[in-house]
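Enquirer: Here is what each chain is made of, one letter per residue.
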Amino acid sequence: MKRQLSDEDAAFRQRMREFFTTQVPEDIRTRWAAGAEEGMDDLIRRSQQLLNANGLAVPGWPKEWGGQDWSTLQRQIWHEEMQAASVPPPLAFNANMVGPVIAAFGSEEQKQRFLPATANLDIWWCQGFSEPDAGSDLASLRTTAVREGDEYVVNGQKTWTTLGQYADWIFALVRTDPKAPKKQMGISFLLIDMLTPGITVRPIQLIDGGHEVNEVFFENVRVPADQLVGEENKGWDYAKFLLGNERVGVAPVGSIKRKLADAKTYAASIATPTGTLLDDPLLAARIAELETEVMALDLTVLRVAANSKDGKPDPASSILKLRGSQLQQDVLELIVDIAGPMGLQWAAGDELPGWATHSTPTYLNFRKASIYGGSNEVQRQIISGGILGLKG
Amino acid sequence: MDFTIDDEQRALRDAVRDMASRFAPPEERDKVPTGPRAHDAKAWTALAEMGLLGLPFAEDAGGMDATAVEVVLAAAELGKARVQTAYGEALVAASLLAAAGDQKALLEKVIDGSALVLPAFAEPMRAWAPHDPSVTASGGSLSGVKAPVPIAEVDAVLVTACEGDQTGVYLVDSPQVSDGALKLDGTAATKLNVSADDLDAALNLGIVALAGEALGAMDAALAMTVDYLKTRKQFGVPLMTFQTLTQRAADMYVSVELARSTVLYGAMTLAERPSDNATASRVKVLTGRTGRHVGQEAIQLHGGIGMTAEYAVGHYTTRLTAIEHTFGDTRYHLGQLARDVSDHAEVDVFA
Ligand SMILES: Cc1cc2nc3c(=O)[nH]c(=O)nc-3n(C[C@H](O)[C@H](O)[C@H](O)COP(=O)(O)OP(=O)(O)OC[C@H]3O[C@@H](n4cnc5c(N)ncnc54)[C@H](O)[C@@H]3O)c2cc1C
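Chains A and B are the protein sequences, given in the same order. 24 is the number of the first residue of the first sequence in the working numbering; add one for each residue after it. 268 is the number of the first residue of the second sequence in the working numbering; add one for each residue after it.
There's no promise every hint is true.
Said to hold, decoys possible - Rough simulated footprint, nothing fancy, chain B against chain A, three-plus residues with beta-carbon under 8 Å:
no.: 1; stretch: 60-72
no.: 2; stretch: 110-119
no.: 3; stretch: 158-164
no.: 4; stretch: 261-269
no.: 5; stretch: 364-378
no.: 6; stretch: 398-411
Simulated from the structure, these hints should not be mistaken for laboratory data. For glycine and all other residues, C-beta sits at the position ideal for the given N, C-alpha and C.
Using the sequences and the hints, build the whole thing.
Expert: Set out below in structure tokens:
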């Protein structure tokens, strides 16, 4: 056991910090920190392309496709420093999901065709897994793909497709064998160009008024068979790999810590009859509590990351997803309370700062964090079943 | 103590329920408003016509001579139906106008819905502190900023301001509200002849009205959640097969029942002692916490659908969040109660 970073890791951390705070343009970082929805696709694109040009977009990938020989701890440091500096992270659908799947299971031709463009966000991917009746029970998905010659014909509907309005391509789980003995066995992993005739994207508005998710409809969409990843009917294995392969970034510790620091600044700017909100014992106690909880998560991320067996899904990531989403939500809740009556207004003005008027919609929006990517109930089940052996 | 409602109260509740159903917001896709609700003049007129704006005020001022209990019963129906208005705020203003004694003409107009008068007490970059405004008054004119003002299309607002070390309540006619803020720069105002107790009593009425609305919202959010657990299927079975979900619904139910007792008790108590601040604070703390619990769980147990604008459950959560931050949030009221814990050995609900 050793508390400090090694000299090498400390130098690495310094290098990351320097890059993120000096090489990523200020306007990208401040607009990202402010949570701008307008033009956020552009911010993500600019950020990822800059990171990619510097070998920092897809460090977890195999080296020949742009990855880095970093330890898991170093990737963790990379991620935390990136979040601490409010740098828009590489698009998860590209960097953490479809990229690693193509790298692991795709054909050589697919790797060449897709990986460089995916790392550089020349292709914007969206994730077509969930369907109206296949949420937590993903394996019951019904979108079908029927082989006709050298094409698949896709019919059905995906939903909750995040940022699908910007996407060039979608990676979708489709049913290729409706007669398979287990429903997990008849699923395939298809790459589909969003411009293919027969695809319709329809926005879904969320309770904060924003538009980040969509429904995607497929009507006789003809997909070249060479866009199947790996083997037909093995899609479930690839999906499991995709959902479990990444532990770095599962808990957004860097961004939680930054938000909590922001919260203190906000609290210090709110006057009370005797001082500021930061002096209020009830509020200060809540911040102290959160700092302690976040520290415990920060340490657990480091401890778990250090022990990771690369590439293998590990139920320990469920601890990070569960606690990470909870603390992220707790900090946003704290900021709503700091904004107080100002949070009743959702539009900023010269008297009402943006952080305060955005606080309520942001808080409401992030209720999603305990639902997507495997809900907290599902994470608890993975922990109780996969770690504790409690399989009812 | 008796929590049963009488025939007259039941008739009021049923009438409000019927009216509210006509003004519930659409659940049609792409048509659902999100965020703070804009003023709905038609709904407001309906509230006025039913006498809701004058419920707890004297008949000779156009009121109904009822009490905070009736206010809570009516507000709960509005909350259930998601008719989100400035009802609680308007009652605060009306209560102050009534206390002033010499504002009868305006009070009548407020009650009959022909004038919209609301409090503008909150101030930007300042925590809720109704007795310590930063706006100053001097010789009948006001300076400073109030924000956010609940609705821009008000005919008049009531503003708290300091004159020396005295906090007073002032009436500002035809205020210019822009971007949610009212900037006062030597603005002419009429000082109301009201005491600090009157201000507390008015706010307490607003608190209990909003608590009633919150109760209705929680009832509805719970009912929707229970219904969803029965009908939504995953893994080939209804969600209610999973005990982890049904037990959480049970916890929500427990929370709501405790809130119901507290809100109804608060209404009865404030009907007798309008400036019983401790009771109002307890109501506020309990409904604040419960609203958060129920609002968050209602979304979580629905999964993704709970996050969408076209589905009602998230709107209840939005409204519960707003209610919690109106007239002092949980932290503020807990602070008030914490300050006074040594004043009493225990809380005697019959006292
Ligand atoms: C904002 C947002 C963005 C998303 N982005 C994407 C995306 O880009 N691509 C994509 O494919 N999907 C996406 N999703 C979908 C997300 O993965 C699903 O919402 C999630 O899997 C839950 O499914 P559901 O919404 O159908 O809820 P349900 O599965 O119906 O769950 C409802 C409730 O029941 C609980 N539950 C379900 N089964 C069990 C069980 N066995 N035991 C205990 N509790 C259970 C859930 O935890 C939840 O509380 C997104 C969702 C949201 C909200």
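Enquirer: Hint by hint, note whether the structure agrees.
Expert: Hint check:
no.: 1; hint: 60-72; verdict: violated (count 0)
no.: 2; hint: 110-119; verdict: violated (count 0)
no.: 3; hint: 158-164; verdict: holds (count 4)
no.: 4; hint: 261-269; verdict: violated (count 0)
no.: 5; hint: 364-378; verdict: holds (count 13)
no.: 6; hint: 398-411; verdict: holds (count 4)
Violated hints for the displayed structure, listed by number in ascending order: 1, 2 and 4.
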